[in-house]
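J.: Residue 139 is where the sequence shown starts when you use the working numbering, and the numbers rise one by one after that.
Quick caveat, the hints were computed from the structure, so don't treat them as lab data. Please note that the accuracy of each hint is not assured.
Straight-line distance between alpha carbons at most 25 Å, and here's what the computed DSS-like set of lysine-lysine pairs gives [claimed, not checked]:
no.: 1; residue 1: Lys303; residue 2: Lys292
no.: 2; residue 1: Lys292; residue 2: Lys209
no.: 3; residue 1: Lys208; residue 2: Lys303
no.: 4; residue 1: Lys242; residue 2: Lys200
no.: 5; residue 1: Lys208; residue 2: Lys292
no.: 6; residue 1: Lys177; residue 2: Lys208
no.: 7; residue 1: Lys222; residue 2: Lys242
no.: 8; residue 1: Lys303; residue 2: Lys222
no.: 9; residue 1: Lys208; residue 2: Lys222
no.: 10; residue 1: Lys303; residue 2: Lys242
no.: 11; residue 1: Lys292; residue 2: Lys218
no.: 12; residue 1: Lys218; residue 2: Lys177
Taking CB as the label site, the calculated pair distances span [to be verified]:
no.: 13; residue 1: Arg291; residue 2: Glu166; range: 44 to 52 Å
no.: 14; residue 1: Glu171; residue 2: Lys292; range: 37 to 45 Å
no.: 15; residue 1: Asn243; residue 2: Ala215; range: 15 to 23 Å
no.: 16; residue 1: Asp201; residue 2: Gly284; range: 43 to 51 Å
no.: 17; residue 1: Trp316; residue 2: Thr193; range: 30 to 38 Å
no.: 18; residue 1: Asn319; residue 2: Pro205; range: 33 to 41 Å
no.: 19; residue 1: Arg164; residue 2: Pro205; range: 18 to 26 Å
no.: 20; residue 1: Pro168; residue 2: Leu245; range: 29 to 37 Å
no.: 21; residue 1: Glu171; residue 2: Asn243; range: 48 to 56 Å
no.: 22; residue 1: Lys208; residue 2: Ala165; range: 43 to 51 Å
no.: 23; residue 1: Arg174; residue 2: Asp310; range: 47 to 55 Å
no.: 24; residue 1: Pro202; residue 2: Trp316; range: 47 to 55 Å
no.: 25; residue 1: Leu312; residue 2: Glu170; range: 44 to 52 Å
Only a predicted model underlies this, so the values are computations on that prediction, with no experimental measurement involved. Note that CB positions come from ideal geometry on N, CA and C, so glycine has one too.
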Amino acid sequence: MPILLTLLLLAAGTAPQDSAPAAATRAETPAEEFQRIGKELYEGDNPYVGSMIRTRLEEAYKDPALPPDKKIELALALGKEYLKGTQVDQAIETYEGALALAQKNGLAPFLARLHRMLGLAYLRQAEQENCVRRHNAECCIFPLEGGAIHTERKPAERSREHYLKVLELAPDDLEALWLLNITPWRWASIRTACPRSGASRRRASRRRRSSRASATSRPRSASTS
139 MPILLTLLLL AAGTAPQDSA PAAATRAETP AEEFQRIGKE LYEGDNPYVG
189 SMIRTRLEEA YKDPALPPDK KIELALALGK EYLKGTQVDQ AIETYEGALA
239 LAQKNGLAPF LARLHRMLGL AYLRQAEQEN CVRRHNAECC IFPLEGGAIH
289 TERKPAERSR EHYLKVLELA PDDLEALWLL NITPWRWASI RTACPRSGAS
339 RRRASRRRRS SRASATSRPR SASTS
């Protein structure tokens, strides 16, 4: 009888369920939980650590039908994502390709932006090559002295070249001027001279003219008898 009942229930699609309790799911260890959360953040669209934005930009950047200006805009955004993820070499490669494209197609409005981002990318590379790989107790303490001076000079020198280009194109760019003044400290003393920008020269000239005008308009004191 039990066998016949079971067959009938199976035919009706109402077979009895196993009454044995399911095995309890093993709880995550703290390390497993952190790894899972980290993976979800990295693979998601978190604006700080997520890789999804970069992946989408990479896919869009591969489109051979993109006009030069759109490709450069994508390169600027993609390079920023590479820098955010500490992929400095990929950022430099992307920016260099975009700079060559802008120069080839006469897209002058992009040049200052690309030189600025290349200056930043090479500064990051200088940090990686010196302050990370050759770390010591004096690293990154201003003014840079002793062990903080970069022994691998090339990245900071390349950064300086690009910031000089920025100031040729945009003489009043104070951010570029400040970062330009930092670059020689990486490989020499704080007293290393930087060329004065056009904006700096104009400000100094205005101060001199103002000083002379003030001196000539100042009333002379009455002489005593």
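J.: Tell me, in ascending order, the numbers of any earlier hints that this structure violates.
T.: Hint check: 2, 5, 6, 7, 19, 20 and 24 fail, others pass.
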